[in-house]
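J.: The listed protein sequences derive, respectively, from chains F and L. If you read the first sequence in numbering that gives the first Met the number 0, its first letter stands for residue 0, the second for the next number, and so on. If you read the second sequence in numbering that gives the first Met the number 0, its first letter stands for residue 0, the second for the next number, and so on.
The set of hints was computed from the structure by calculation and includes no laboratory data. Incorrect hints may appear among the rest.
[To be verified] Covered stretches of chain F (chain L as the covering partner; in silico rule of three or more C-beta atoms under 8 Å from a C-beta of chain L):
hint, stretch
1, 161 to 170
2, 177 to 185
[Unchecked claim] Restraint ranges, calculated between C-beta atoms of paired labels, are given here:
hint, chain 1, residue 1, chain 2, residue 2, range
3, F, H84, L, T99, 36 to 44 Å
4, F, S13, L, T141, 30 to 38 Å
5, F, V73, L, T99, 31 to 39 Å
6, F, L83, L, S138, 14 to 22 Å
7, L, N37, F, N151, 40 to 48 Å
8, F, A209, L, T99, 38 to 46 Å
9, F, F12, L, Q39, 37 to 45 Å
10, L, S138, F, L39, 35 to 43 Å
Idealized CB from N, CA, C, for every residue including glycine.
If you want the building blocks of each chain, they are given just below.
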Amino acid sequence: MYQFRLQAITSYFSSLPISIGTTLEITALALALSTPIGLLLAKARLSPSWPIASFARAYVELFRNIPLLVLLYVFFFGLAQIGLHLSNFWATIAALTTNAAAYCTEIFRSGYTTIPQGQREAARSLGLRGLHIEMFIVLPQVIRVIIPAYANQCIGVLIGSSIAAVIGVPELSDWMLATGSGSFRYMEAFLVAAVIYIVLCQAVAITMAAIDRRQRRLSTS
Amino acid sequence: MQHRRSVFVALLGLGLAMIAPIGPRSPAYAQTNQILANVQKTGVLRIATVAGNPPYSAIKPDGQPEGYDIEIGQMLAAALKVKPQWIVVDSPGRITALQTGKADVSIADFTATIERSTAIAFTRPYLIVGSNYLVKKGSPLTDVTQVNKAGVKIGVPRGGTAEDIAARVTPNATVVRFNTVDDAFLALRSGQVDTQIVDSLQDAAFLAQAGADFRNLPGNWSYEEICLGVPAGDPDWLRVVDTFVRQLVGSGDDARLFKKYFGYNMPPL
Numbered sequence: 000m001y002q003f004r005l006q007a008i009t010s011y012f013s014s015l016p017i018s019i020g021t022t023l024e025i026t027a028l029a030l031a032l033s034t035p036i037g038l039l040l041a042k043a044r045l046s047p048s049w050p051i052a053s054f055a056r057a058y059v060e061l062f063r064n065i066p067l068l069v070l071l072y073v074f075f076f077g078l079a080q081i082g083l084h085l086s087n088f089w090a091t092i093a094a095l096t097t098n099a100a101a102y103c104t105e106i107f108r109s110g111y112t113t114i115p116q117g118q119r120e121a122a123r124s125l126g127l128r129g130l131h132i133e134m135f136i137v138l139p140q141v142i143r144v145i146i147p148a149y150a151n152q153c154i155g156v157l158i159g160s161s162i163a164a165v166i167g168v169p170e171l172s173d174w175m176l177a178t179g180s181g182s183f184r185y186m187e188a189f190l191v192a193a194v195i196y197i198v199l200c201q202a203v204a205i206t207m208a209a210i211d212r213r214q215r216r217l218s219t220s
Numbered sequence: 000m001q002h003r004r005s006v007f008v009a010l011l012g013l014g015l016a017m018i019a020p021i022g023p024r025s026p027a028y029a030q031t032n033q034i035l036a037n038v039q040k041t042g043v044l045r046i047a048t049v050a051g052n053p054p055y056s057a058i059k060p061d062g063q064p065e066g067y068d069i070e071i072g073q074m075l076a077a078a079l080k081v082k083p084q085w086i087v088v089d090s091p092g093r094i095t096a097l098q099t100g101k102a103d104v105s106i107a108d109f110t111a112t113i114e115r116s117t118a119i120a121f122t123r124p125y126l127i128v129g130s131n132y133l134v135k136k137g138s139p140l141t142d143v144t145q146v147n148k149a150g151v152k153i154g155v156p157r158g159g160t161a162e163d164i165a166a167r168v169t170p171n172a173t174v175v176r177f178n179t180v181d182d183a184f185l186a187l188r189s190g191q192v193d194t195q196i197v198d199s200l201q202d203a204a205f206l207a208q209a210g211a212d213f214r215n216l217p218g219n220w221s222y223e224e225i226c227l228g229v230p231a232g233d234p235d236w237l238r239v240v241d242t243f244v245r246q247l248v249g250s251g252d253d254a255r256l257f258k259k260y261f262g263y264n265m266p267p268l
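The task is simple: from the sequences and hints, build the whole structure.
T.: Right under this line is the structure:
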């Protein structure tokens with residue numbers, strides 16, 4: 000029977016805040032970069048121009064179908080062999096962003112398809128210009144529709160950031176592996192990391208749910 | 000609301016699970032004195048080894064392990080008249096596999112340290128190694144003192160003794176941890192790290208093969224006794240495995256295997 004003792008790893012707790020900070024930093028950066036890319040690609044996918052639409056479609060199919068770990072190896076080891084040196088932190092951001100942008104594209108696209116074409120026509124007949132229709136009529140509704148799916152996406156990126164540990168980025172999973180190997184107490188390290196991931200994901204979920212509720216209230220009032 | 004309450008209960012449960020079983024100081028895994036009996040009863044010797052660490056141990060594309068340590072494991076199983084079953088782990092997994100009863104013995108370029116000895120038991124050594132800082136031939140680094148600067152990146156496998164050497168010899172440099180020796184080497188080859196701390200014997204075998212592109216920085220930075228690891232708390236099992244190592248070394252089989260896999264004569268023990 001495994002003798003569980005949390006005290007065995009308490010000396011490793013001091014480096015925990017920095018690790019959590021790095022995990023959040025990776026998540027925030029990857030989301031901040033992948034969301035606008037996803038929005039642009041979704042617009043491209045819905046574009047009447049055949050080459051633009053197929054480019055966006057090819058991007059989604061390509062990067063949604065490559066495992067995150069493979070992308071990470073390509074960005075960290077692969078690019079370096081042809082002379083482009085990304086640090087392990089930025090290789091992680093690049094891998095997460097390209098992967099998340101593919102998913103984000105589909106989320107935005109599903110949002111756009113819920114907006115009836117008649118709204119655009121009505122807005123145009125009222126004299127609004129293309130950009131204004133997009134900014135004030137369509138996009139706010141799209142955002143409202145996609146919030147639950149986007150919340151999922153945020154959690155996916157947060158959890159996906161854990162692969163950074165394989166190329167030694169000092170984030171939460173790296174803390175977990177280092178603590179396990181330093182103290183020979185894997186079970187304790189795994190459980191602490193799992194609980195922290197749950198707390199972080201719940202914080203994201205609760206925040207997004209609050210935004211969702213607020214949006215719904217605004218739209219009905 | 001229902002959702003939030005259930006999450007709260009789940010977190011509370013996990014939290015309680017973490018603080019509840021705190022007992023007096025005890026090893027992570029309580030061993031019983033019956034590994035030998037189990038091995039003989041099942042007819043299987045479960046051996047933990049690492050992947051990506053040639054010529055000690057590596058996994059072939061067909062999934063079969065090969066190398067110096069692998070053949071030693073096969074000899075141990077043959078001596079006990081049982082079948083070897085390989086369990087592939089990472090560096091620290093060599094210890095946890097023993098602690099958790101997943102493996103009966105770890106054979107994987109395994110250095111005996113005092114720290115590790117507090118968790119598991121080691122046999123006598125069958126090999127003595129040191130360690131080198133390996134760089135690319137064109138690297139501007141010529142000395143270890145130049146490595147000891149912020150911004151210089153050292154690649155090491157996670158949980159191996161290279162981590163301790165980096166902290167002791169070049170504390171100011173940045174350590175980048177990888178899952179295997181091969182991954183750390185890939186990082187050196189692709190220029191993602193500036194140097195790699197390598198086992199000196201592995202290094203010599205490697206330089207003999209691919210020496211054209213790499214060189215060592217002067218100096219040997221460790222004394223490491225490579226041993227077989229067994230779970231703590233089973234002196235009978237340790238006695239059996241240690242006897243095997245004594246005969247492995249004494250009979251000359253050790254030196255013969257070393258020559259076969261490393262390509263040069265084994266340094267004296």
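J.: All hints are to be evaluated individually against the structure, with a verdict given for each.
T.: Results for each hint:
Interface restraint, the stretch 161 to 170 of chain F with chain L: holds (3 residues with C-beta to C-beta distance below 8 Å; minimum three). Residues of the stretch 177 to 185 of chain F lying with their CB closer than 8 Å to a CB of chain L number 7, which satisfies the three-residue condition for coverage. Take H84(F) and T99(L): their Cβ atoms lie about 39 Å apart, and the range 36 to 44 Å holds. A hinted range of 30 to 38 Å holds for the C-beta pair S13(F) and T141(L), which are about 36 Å apart.
The hinted range of 31 to 39 Å is satisfied by V73(F) and T99(L), whose Cβ atoms lie roughly 34 Å apart. Taking the beta carbon of each, L83(F) and S138(L) are about 19 Å apart, inside 14 to 22 Å as hinted. Checked against the hint of 40 to 48 Å, the C-beta distance between N37(L) and N151(F) comes to roughly 46 Å, which is consistent with it. Between A209(F) and T99(L), the C-beta spacing of about 42 Å keeps the proposed range 38 to 46 Å intact.
The given range of 37 to 45 Å is respected by F12(F) and Q39(L), whose C-beta atoms sit roughly 44 Å from each other. The hint said 35 to 43 Å for the Cβ distance between S138(L) and L39(F), and at roughly 42 Å that hint holds.
Checked against the numbered hints given earlier, the structure satisfies every one of them.
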